[in-house]
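Visitor: Starting from the given sequences, assemble the full structure and let the hints guide the process.
Okay, so the sequence shown: first residue is 280 according to the numbering used here, each after it adds one.
Hint data in this document are derived by calculation from the structure and do not stem from the laboratory. Where is the CB? At the ideal position from N, CA and C, for every residue including glycine. Watch out, some of these pointers could steer you wrong.
Claimed, not checked - Each pair of labels, with its calculated beta carbon distance range:
| hint | residue 1 | residue 2 | range |
| --- | --- | --- | --- |
| 1 | A545 | S489 | 31 to 41 Å |
| 2 | A676 | N766 | 31 to 41 Å |
| 3 | R549 | E790 | 29 to 39 Å |
| 4 | S546 | K566 | 24 to 34 Å |
| 5 | E790 | A732 | 24 to 34 Å |
| 6 | S491 | V455 | 16 to 26 Å |
| 7 | I619 | G492 | 31 to 41 Å |
Unchecked claim - In silico DSBU-like cross-links for lysine-lysine, where the CA-CA straight-line distance does not exceed 35 Å:
| hint | residue 1 | residue 2 |
| --- | --- | --- |
| 8 | K552 | K587 |
| 9 | K616 | K673 |
| 10 | K530 | K581 |
| 11 | K616 | K566 |
| 12 | K488 | K622 |
| 13 | K685 | K616 |
| 14 | K552 | K685 |
| 15 | K530 | K344 |
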Amino acid sequence: MEARWRSSAKPVQAPKTTKTVSFEEVSGKASSSEALPLSLHLTNAVFFSLFFSVVYFLLSRWREKIRTSTPLHLVNLSEIVAIFAFIASFVYLLGFFGIDFVQSLILRPSTDLWNSEDEEENEALLRKEDARKIPCGQALDCSVTSAPIISAQKVVDEKLVKLTTEEEEEIIKAIVAGTTPSYSLESKLGDCKRAASIRREALGRITGKSLSGLPLEGFDYESILGQCCEMPIGYVQIPVGIAWPLLLNGKEYSVPMATTEGCLVASTNRGCKAIHLSGGASSVLLKDGMTRAPVVRFGTAKRAADLKFYLEDPENFETLAVVFNRSSRFARLQGIKCVIAGKNLYLRFTCSTGDAMGMNMVSKGVQNVLDFLQTDFPDMDVIGISGNFCSDKKPAAVNWIEGRGKSVVCEAIIKGDVVRKVLKTSVESLVELNMLKNLTGSAMAGALGGFNAHASNIVSAVYIATGQDPAQNIESSHCITMMEAVNEGNDLHISVTMPSIEVGTVGGGTELASQSACLNLLGVKGASQE
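Guide: Structure below.
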């Protein structure tokens, strides 16, 4: 019975569509197309050129015969050659481009033919389904038909991997030798992930240092190209904690914090708990304006003073605002403050920037105004688009006094029992500590905007989590913390005043996936709808 079953069983054949590569390509044998003297594209180009050339030649000759009244049937040797070339090129082009088109119109297959092919295909599928019902151990022929295809595909994959590895090895050697600059890999390869991998390997060979602890996989390197980071070799993992719920202005917020400092999130979360149990905190935005301060130089201090008076004249502000505001539909000039140092003039522009942090936006507006001023002040020499009177990423009194970015004050009244149970201290002790440490101690140290315990800790953690510029933590952490006993000394009034918080919810690092997710958690992702 077993022999009879074997003789009646039909071998299962693999569908034709599964054969994705020929054995000639795998084994390296030449195909029929490789035997042609010229490539297909080159052959077509030759016959096209020949066809139009002889047509132009024959038309020119026949027009000349008509003009001189010469019979058209009288031809010389060059015209005979041209006629044969015309016929040959026409036959080639007709055979290459025209036959299939004519056949598709004239020899269109009938409906019965399509139906018969569909029936054959359906029968093949049914046979395939029947074969699947037979255990693989009994279907003796099921592996025979698929094995060559699988092995062929495997050989092709191995060749591609080998080719890729060899190509990358050459690039790595060129980087190590200094003949290929590392910064050009993204533009040359067109693959940011591959560029980072090659750069990473080359760096390891040059320095002899291991980068095994620095992850490479799992990051979208396309998203940082030309925006966030150049010449990447990986990314640093920073844990993100959550302080919540923060009850502010009657609304609860979840605050993401990226940090490697132990107890920071825990202490912040304990503060959020104390505020929430006491009814929440309230905040007020005092001012919102990003600054940029170019430095210009004149031949004399008098000329510098002339420009200062011109810029500070209220009658000229409207004209300057129109010129400045052309840089963006969000940028709006708020004011210009000027200071003189000899014959040098520093112009501190302040403008609103919408939901962006706005450094690039204000810089473009400043450049527009400087170009405009060159007409009336041709002797003005622009030394720098930033003269550090802004002041960006440096502790500066001008930011502490005038503000930069968002100027904010926030306050809360913490109940006495919450101070004792949650903060594990008393109202009197906190008021005394704040006076002697945050105020007097910082004054003794000559602190500039540092009249607080550790505002920079929380600001930095939130900045890193939400894609802000961590270097702007310097001026953004300017903070004075005030504490006072209220309600007959039973409760604690606490406030923080921060005049220069530089933040944005669009642009820069806020567009990255992780940082965007943290902004979304905070409820401020993207542009504001209000």
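Visitor: With reference to the structure, classify each hint as holding or not holding.
Guide: Okay, the hints, checked on the actual structure:
no.	hint	result
1	A545 <-> S489: 31 to 41 Å	holds (34 Å)
2	A676 <-> N766: 31 to 41 Å	holds (36 Å)
3	R549 <-> E790: 29 to 39 Å	holds (33 Å)
4	S546 <-> K566: 24 to 34 Å	holds (29 Å)
5	E790 <-> A732: 24 to 34 Å	holds (33 Å)
6	S491 <-> V455: 16 to 26 Å	holds (19 Å)
7	I619 <-> G492: 31 to 41 Å	violated (53 Å)
8	K552 <-> K587	violated (51 Å)
9	K616 <-> K673	holds (19 Å)
10	K530 <-> K581	violated (55 Å)
11	K616 <-> K566	holds (16 Å)
12	K488 <-> K622	violated (52 Å)
13	K685 <-> K616	holds (18 Å)
14	K552 <-> K685	holds (25 Å)
15	K530 <-> K344	violated (95 Å)
In this structure, the hints that do not hold are numbers 7, 8, 10, 12, 15, in rising order.
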